[in-house]
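Since the structure of chain A is provided, determine the placement of chains B and C on it from the hints.
Listed here are the chains, written in short residue letters.
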Amino acid sequence: MSGEEKILEVKNLKTYFFTNMGVVKAVDGGSFHLKKGQSLGIVGESGSGKSVTSLSILRLVPKPAGRIVEGKILYRGEDLVKKSQKEMRQYRGKKLFMISQDPMTSLNPVFNIGNQIGEAIRRRQNVKGNDLREKIIEMLKLVHIRSSENLIHAYPHQFSGGMKQRAMISMALACQPEILIADEPTTALDVTIQAQILKLMEEIRQKYNTSIILITHDLGVIAKFCEYILVMYAGKIVERADVKTLFKGNKHPYTRGLINSLPHLGKKQQRLSSIRGQPPDLLNLPAGCPFEPRCDYSIERCSHEYPPTESAGKGHLISCWRWREI
Amino acid sequence: MQRYVIKRFFQSLIVILGITVIVFIIIHLTGDPTDLLLPPEAGPEEKALFRHELGLDRPIYIQYFEFIKNITHGDFGQSFRHQTSAFSLIIGALPATIELTIAAMILSIVIALPVGIISAIRPRSNYDRIGMTFALLGQSIPVYWAGLMLILLFAVTLGWLPSTGRGGIEHIILPAITLGMFSTAAIARFTRSSMLDVLDTDYIRTARIKGLTEYIVVLKHAFKNASIPVLTMTSLQFGRMLSGAVITETIFSWPGVGRMAVQAIYNRDFPVVQTAVFITSVLFVGINFLVDIIYTYLDPRIKYK
Amino acid sequence: MPRSSRIWVHMKNAPLGGLTILFLLVMAALFAEFIAPHSPIDQDITQALKVPFFLKGGTLSHLLGTDELGRDILSRIIFGARISLVVGFIAVAISGFIGTCLGLISGYFGGKIDSIIMRVVDVQLSMPYILIALALIGALGPSLRNIIIVIGITSWVDYGRVIRGEVLSVKENEFVDLAKIAGCSTYRILLKHIFPSVVNSLIVLGTLMLGRIIIFEAALSFLGLGVQPPTPSWGIMLADGRQYLTYAWWLATFPGLAIMLVVLGTNLVGDWLRDMLDPRQRAVVRGKR
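Chains as they are written, first to last, in the numbering used here: chain A, 1 to 326; chain B, 1001 to 1305; chain C, 2001 to 2289.
Excised from the complex, chain A in its bound form (with noise of 0.2 Å):
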């Protein structure tokens, strides 16, 4: 369904947090691209650089102990790493949005529901009084929420979990961006919940031509929804494909551990396998390959040298010494 159009393309992304312990190399030399329409996955554990990677694109980065150290984000051509925050304004809530992952956090306890999507709505139009109150119904209503005059005025906490989700996205459409990113927003949900959520971002997705970034460590959902997948790991990009490809033809061994690691319905498993080995020190990083540890085919020049990023053909790319004979 996604055109051929770059909209958006990240450059040697390297985004370093500062603190007291030393330096955390959340991204370190990301690079993609996201075509319009398209549904791009980022997939890894906790700690991977998926969600700075997305608040790096915002330019949201925590400060003062996070910044963009190098790298190019080039939405539409224009260097989002350039911009000081006042332009980013100009991108923010019309070009850009991001949907969190904690519902019940991301929306202000002390404002009511149609307060906070009114200010999105006025983020495109300048609409007032019964006119404003129309158009917050209209989302609501996009959104599959009965609204009424009682829940515009209705406060967060008395939203269940799925419907602060669903005004989120509601919020979301209010600012018809071009890039919409989803910090694992199904996380916090039940799983009924879950395939309604993902069903109306596609909706989204197909109406308005909106380029989706799913952002989570869920492969189910990733599987479901995504057309091309990233694969991240202690902040590097280690595999990239579609879909199909990833989880048939996949080439890296943590891609290979994560999709080995699903159970199998239907199919007598002796035990769940999982890959051996603990999470990265993000203040630790080996020299090499940060996943060299828990490899089952790593080899000597894996704990000294990063694999260079090499093309396996139609968009999928590796970066691991030993990809071909994977």
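Some clues are possibly wrong.
The list that follows gives simulated cross-link-like pairs (lysine-lysine, DSSO-like), each with its CA atoms no further than 27 Å apart [to be verified]:
| hint | chain 1 | residue 1 | chain 2 | residue 2 |
| --- | --- | --- | --- | --- |
| 1 | A | Lys63 | B | Lys1224 |
| 2 | A | Lys94 | B | Lys1220 |
| 3 | A | Lys36 | A | Lys314 |
| 4 | B | Lys1007 | B | Lys1047 |
| 5 | A | Lys135 | B | Lys1224 |
| 6 | B | Lys1224 | A | Lys128 |
| 7 | B | Lys1007 | A | Lys63 |
| 8 | C | Lys2112 | B | Lys1007 |
| 9 | A | Lys83 | B | Lys1069 |
| 10 | B | Lys1220 | A | Lys86 |
| 11 | A | Lys63 | C | Lys2112 |
| 12 | A | Lys95 | B | Lys1007 |
Interface residues of chain A toward chain B, partial, derived using beta-carbon atoms under 10 Å [unchecked claim]:
| hint | residue |
| --- | --- |
| 13 | Lys86 |
| 14 | Gln90 |
| 15 | Arg92 |
| 16 | Leu96 |
| 17 | Phe97 |
| 18 | Ser100 |
| 19 | Gln116 |
| 20 | Gly129 |
| 21 | Asn130 |
| 22 | Asp131 |
| 23 | Met171 |
| 24 | Ser261 |
Label pairs and their computed distance ranges (CB to CB) [as the list claims (entries may be wrong)]:
| hint | chain 1 | residue 1 | chain 2 | residue 2 | range |
| --- | --- | --- | --- | --- | --- |
| 25 | B | Glu1045 | C | Arg2188 | 57 to 67 Å |
| 26 | C | Val2199 | A | Lys199 | 27 to 37 Å |
| 27 | C | Asn2013 | A | Ser84 | 28 to 38 Å |
| 28 | B | Gln1011 | A | Gly277 | 52 to 62 Å |
| 29 | B | Gly1286 | A | Gln158 | 29 to 39 Å |
| 30 | A | Ser84 | C | Leu2191 | 38 to 48 Å |
| 31 | A | Asn20 | C | Gly2183 | 39 to 49 Å |
| 32 | B | Lys1007 | A | Phe247 | 57 to 67 Å |
Think of the hints as simulated: they come from the structure by calculation, not from any bench.
Ideal Cβ placement from N, Cα and C applies to all residues, glycine included.
Just chains B and C, lined up with the frame of chain A:
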């Protein structure tokens, strides 16, 4: 909402009841006023008669009920020294204290809120460091010393402002600054930390994601949330100020309840002291009650608890 | 992050100024007789109202000048440290003890006892503490012993509430349940399991309260209701200084400066201890992982 207000009202009444108990205990610690009030040559029968008249020979709980009954009629006894009702004396001095406290509170808030907010927006900047250093000093300076130093500077050395008495604006400035110093510092520090906590939340990030101007993010979204704990703190400061007023009024000869209470102690005029304690405490309880009501307008979550 | 390096980070940030001030305070209080150049109560009218040494007419033998009775200000300040510290420590101990006991009981047992104790706290907090102190001193008579008691009684509420809060959160921990299952008596649980978790807050609070109590004592002495002359208390010196403010500013300025520095010290050290010991209030490095 109404249920909440009624509930808080009754809670306040219970607190006031508790206050009467404590005041009653204090009265009894003061001891038997018979020897104070009667001339020294009075014999034992006269003393016994006097005690009987005052009701001092009855059991404690009856005395307590009498006490409560009298209070509800505004009868706190006669001032030993001035031969008028203690209640009327204190009520007479109350407006001066209220005026001073309000002036100090306004001054505090007007200075502390912006200082705290700006410090929070630019943490660790020079502005923040200087602001918070002053705040730390402000919380370390004792009220009495501040008052004396201000008098030394502005009244004695420079001669710009008077050092005593109540009158126009020039009379209230120094006492208000003195009284408000600690609160300004405390509120500034607390506003800063409250704002920092709020600015770190997800919903503020959402506001930024929407592309709202920093002005709106800070003043509308952040401050409304941060102001809730600051309000609690401010009402606590008010209580602290009522204490501080005692000393400030003494130093500046400000004719308020505090100064009256101190004079009364020197004169061993206990009914006045006790009345002062009671009235100021009830005032504080009243303020807290009002603040609680204001809360319900600020924080929508309260109504549904 | 290993515990040892965490402690080191805190040690690096130790407030040297604050610690120095407190150290000097303790030294002055303990060794006043050896440090002070003169006796604090010897009067010498011929030396009355001498200016501090850095002004014209001042001498080195009275570095900070003398008061109206010819007593050396510096020596009185040094001896005054003893009064402040004695009242400070004992009152902190009394209020800490009452507050901790009631806080532990209130937090651990909950229910009716908790309600009653919290009501008492509410009532006491609604009453301006200086007025209660005034009234009590009026009733009991001013003396060193009495102000220690009065200050102790009025200050316990701060401890009570904080300790109760700590207990409430610790109470839910598993090791408490385990202790109960193992059959520990309530007393033992409170003492050996809950109290240690609470100690940190106690230390922080004690340090901060020390400053406030020193101010409180000086306030009462300033009003003439505390320590009685000729004992040198900083508060009394301020009261004297007030009378001579127009022509002998040094009488009031230096004692007050001493109080301010001491309280600054306790605040700095208290804040530092809080950062180090009270994990919930410790400043977190801001930034996502």
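Structure-based check of each hint:
no.	hint	result
1	A:Lys63 x B:Lys1224	holds, 23 Å
2	A:Lys94 x B:Lys1220	holds, 20 Å
3	A:Lys36 x A:Lys314	holds, 18 Å
4	B:Lys1007 x B:Lys1047	violated, 47 Å
5	A:Lys135 x B:Lys1224	holds, 26 Å
6	B:Lys1224 x A:Lys128	holds, 22 Å
7	B:Lys1007 x A:Lys63	violated, 45 Å
8	C:Lys2112 x B:Lys1007	holds, 19 Å
9	A:Lys83 x B:Lys1069	violated, 73 Å
10	B:Lys1220 x A:Lys86	holds, 18 Å
11	A:Lys63 x C:Lys2112	violated, 48 Å
12	A:Lys95 x B:Lys1007	violated, 50 Å
13	Lys86	holds, 8 Å
14	Gln90	holds, 7 Å
15	Arg92	holds, 4 Å
16	Leu96	holds, 8 Å
17	Phe97	holds, 6 Å
18	Ser100	holds, 6 Å
19	Gln116	holds, 8 Å
20	Gly129	violated, 19 Å
21	Asn130	violated, 23 Å
22	Asp131	violated, 20 Å
23	Met171	holds, 7 Å
24	Ser261	violated, 30 Å
25	B:Glu1045 x C:Arg2188: 57 to 67 Å	holds, 60 Å
26	C:Val2199 x A:Lys199: 27 to 37 Å	violated, 54 Å
27	C:Asn2013 x A:Ser84: 28 to 38 Å	holds, 33 Å
28	B:Gln1011 x A:Gly277: 52 to 62 Å	holds, 57 Å
29	B:Gly1286 x A:Gln158: 29 to 39 Å	holds, 32 Å
30	A:Ser84 x C:Leu2191: 38 to 48 Å	violated, 59 Å
31	A:Asn20 x C:Gly2183: 39 to 49 Å	holds, 45 Å
32	B:Lys1007 x A:Phe247: 57 to 67 Å	holds, 59 Å
Figure legend: structure checked against the earlier numbered hints; hints not met, in rising order: 4, 7, 9, 11, 12, 20, 21, 22, 24, 26, 30.
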